[in-house]
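2 protein chains.
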Amino acid sequence: MVESEGRIHLNPDIARVVCSVTGSETEAKQFSRPLGLCGCCPPPGKPLVVVYELDTIRERLGDTGWGTDPGIWRYGALLPVLGLPPSYAPDVGLTQAVRSESLTRENGVDLYLKNEGSNPTGSFKDRGLAVGIALGVACGAKRFCLPTQGNAGVAAALFSTRLSLPGCLVYMPENYRGGLYHREAELFGAEVRFAGANIAAAGKVMREAHADELASGQLVDMSTFFEPGRLEGKKTMGFEIVEDFGPGKLPDWIIYPTGGGTGLVGIWKAFQELIALGRLDPTEHSLPRMVAVQSENCAPVIEAFHRGLDHVEPVESEGTVADGLDVPGAIMGHGILATIRESGGTAVAVSEVAIIDAFRVLGRNGIAASYEGAATLAALRKLRADGLVAVGSRVLLLLTANHFVSLGREST
Amino acid sequence: MVESEGRIHLNPDIARVVCSVTGSETEAKQFSRPLGLCGCCPPPGKPLVVVYELDTIRERLGDTGWGTDPGIWRYGALLPVLGLPPSYAPDVGLTQAVRSESLTRENGVDLYLKNEGSNPTGSFKDRGLAVGIALGVACGAKRFCLPTQGNAGVAAALFSTRLSLPGCLVYMPENYRGGLYHREAELFGAEVRFAGANIAAAGKVMREAHADELASGQLVDMSTFFEPGRLEGKKTMGFEIVEDFGPGKLPDWIIYPTGGGTGLVGIWKAFQELIALGRLDPTEHSLPRMVAVQSENCAPVIEAFHRGLDHVEPVESEGTVADGLDVPGAIMGHGILATIRESGGTAVAVSEVAIIDAFRVLGRNGIAASYEGAATLAALRKLRADGLVAVGSRVLLLLTANHFVSLGREST
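In order, the protein sequences belong to chains A and B. First residue of the first sequence? That's 1027 in the working numbering, and the numbers climb one at a time after it. First residue of the second sequence? That's 1027 in the working numbering, and the numbers climb one at a time after it.
Only chain A is shown next, with the shape it has when bound in the complex (with noise of 0.2 Å):
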């Protein structure tokens, strides 16, 4: 039961903010108004991250577990800002990975599920607005817009007034009118407009419609990487993961669903923070190899690994039933290559009809998933038909929402 008050404040232990691409520190430790894009870059800038004083942090936990707060709050150590009103999302996080015995036989491998979608809105966009809203808020914020591929404008909607803040600004696709994403936001207070075909057409038309508010900080932009915070929300699969099974007993693959790839890059970010805190060895336990899995018809990230880049070039969407891979650029490419790489992992495109194929089978089996989350299985099931992921290895795909969208969308 969640009952006693706080009040928002920053992690003391912060060391610095850093820019992603420089290692630049780019702002003070006191934040006096809410983090963008970097100012060391060209403009827009490049994504922020956050940098604790993991010694401190190491020295003060000790051998102790994590916190006792609910959710992802166990993990507030590592968490840029504190205090919360328990209110405010103590029911978003712990997500357990569960075996799938059927799975594991049809597929020859020892295959887990992690399945976001018992977030209060139903996916792991919750992790991360819940953080990032919350870490705007303590450097000032007092509104928020963001373009949305659909769950995160959700999420935003949701921890917006959870605050009680104006109603957060969305932008969606022009085809999303009318659909559940668009009456979820507006449930949750959401002012919600409509412009493009994705998530970088309505962002576009955002910033420019707004470019003044933006500038004076009436608006903070909550796009995709666009603010650290998210990031710091998402990488709490990370933690999660390693609780659950253990650091010398991790899966050996870990297979993601890639559209802005905040998740992919967070859980490996977890698993650094957890290195530095000594309760992960990189000598002793392997670390997953990390897969991005995206739509063969937006499939950015894919195109840059196998090309060999540092970077990802946005591309032209073909449009895919997994509203959430419909996402043609990615901000944080570098970082999202650079996991793969690190990791020794790889990326994957997916066919819509394999997707659409996986979606029947995880439902058949009991998994209440939606597309993006499929995406995974049909990749899992490209990487065994090529042979690159063996008989026998330790999988977990990541299920980042519910099935209730999915199903929304194929009357629309």
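Source of the hints: derived by calculation from the structure; they are not laboratory data. Heads up, some of the hints might be wrong.
The list cannot tell twin chains apart, which means a pair is met if one copy fits it or any two copies do.
List time: in silico DMTMM-like cross-link candidates among lysine to aspartate or glutamate, alpha-carbon distance up to 25 Å [as the list claims (entries may be wrong)]:
#, residue 1, residue 2
1, LYS1168, GLU1234
2, LYS1168, GLU1269
3, LYS1275, GLU1378
4, LYS1168, GLU1132
5, LYS1168, GLU1127
6, LYS1275, GLU1200
7, LYS1168, GLU1368
8, LYS1230, GLU1329
9, LYS1275, GLU1217
10, LYS1230, GLU1342
Could you slot chain B onto chain A? The hints should help.
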């Protein structure tokens, strides 16, 4: 992480199964076939209830906590069926009571919400069906059928497919065709048929169409209270409430949206079992007053309560936006009414307008719940206006499902 394997078996501490009206023991301890309604009352019979060897369990558990199995299985000592495969239902239950600061202020009571939306199919029905399907299988059932007002059919489909049983046979009201419930049930392998305007009509058609298979045991009827397992699953909400609040700080009122009433009766049964186990002392701890809520358009329980009846007489439903409340009869009416009266509670009908308004209020307060849950907030407002619930009372609203289907319903 959930990994090891088991074998489905009955809890050896089941003492007997008794008729909920006469108390007669109608079945032997070793159940050689699935349990249905009692044989002692006039056909079709009345609900059976599982009774445990509570002294034995009390001695064995001692002062230790509950088990360490995931979700509702931590209460395995008081569940009728054990040894399920670990991937069967690790994701059911353990929803948390969260205090809402804003709704506390708005309603002048100390307000807590228990949101069941994090269950795998997004509703509290997962609790009942996870246990009901498993108990049926432990007693030899091979395939299940049920009429549904929505969520129950989806949950029955999910747990059937998780045990690789033949697709659950689900009868839905005609107007559910093509909607989210229909698609969900089919995703989880159900065979869906349509009949009538609501669950009562659909159930009648189902029982006539499959009389032979039901009589021979080829099909087992999982209708609300037609077998005792669903009640056992639902009672886990009661265990969680006591664990969450603590025995000395239980809510003064629990407000519950009542269709068939399994949860209301189940929560009360849990309290009685905890008393017998010495974990709750009714001389020292006040038990919550239980409030049943229905829509004015379909309020058989409310009518029976205020007429002073000891059973519920069917009504003609005029339909309600709260699908789960569109239940024109209640075979366990005697149990529902006894629970309300023993607890010193009451029964409240709320208007459709009040339900829809409360749904919007929940949304604006960042609570992702369905129309059925919203009916409890509408009831609280009415009880406050009538002076029945005093200022400062500790109130728990049971929010039985997430917001997706209610939002999806608006388009149909």
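A quick look at each hint next to the structure:
1. Proximity of LYS1168 and GLU1234 under a CA criterion of 25 Å is satisfied intra-copy only: 20 Å inside one chain copy versus 61 Å between copies.
2. In this assembly of identical chains, LYS1168 and GLU1269 lie within 25 Å of each other by CA distance neither inside one copy nor across copies; the values are 35 Å within and 38 Å between.
3. In this assembly of identical chains, LYS1275 and GLU1378 lie within 25 Å of each other by CA distance neither inside one copy nor across copies; the values are 33 Å within and 53 Å between.
4. For the identical chains of this complex, LYS1168 and GLU1132 are inter-copy neighbours only, at 23 Å across copies versus 50 Å inside a copy, given an alpha-carbon limit of 25 Å.
5. Taking CA atoms no more than 25 Å apart as the test, LYS1168 paired with GLU1127 passes between copies only; the shortest distance there is 20 Å, against 48 Å inside one copy.
6. When the C-alpha separation of LYS1275 and GLU1200 is checked against a cutoff of 25 Å, the pair qualifies neither within a copy, at 45 Å, nor between copies, at 50 Å.
7. Taking the shortest Cα distances, LYS1168 and GLU1368 never come within 25 Å of each other, neither inside one copy (38 Å) nor across copies (50 Å).
8. Within a single copy, LYS1230 and GLU1329 get their C-alpha atoms as close as 23 Å, which meets the 25 Å cut-off; across copies the closest is 57 Å, which misses it.
9. For the homomeric pair LYS1275 and GLU1217, neither the shortest alpha-carbon distance inside one copy (45 Å) nor that between copies (40 Å) is at most 25 Å.
10. For the homomeric pair LYS1230 and GLU1342, the shortest alpha-carbon distance inside one copy (15 Å) is at most 25 Å, but the shortest distance between copies (54 Å) is not.
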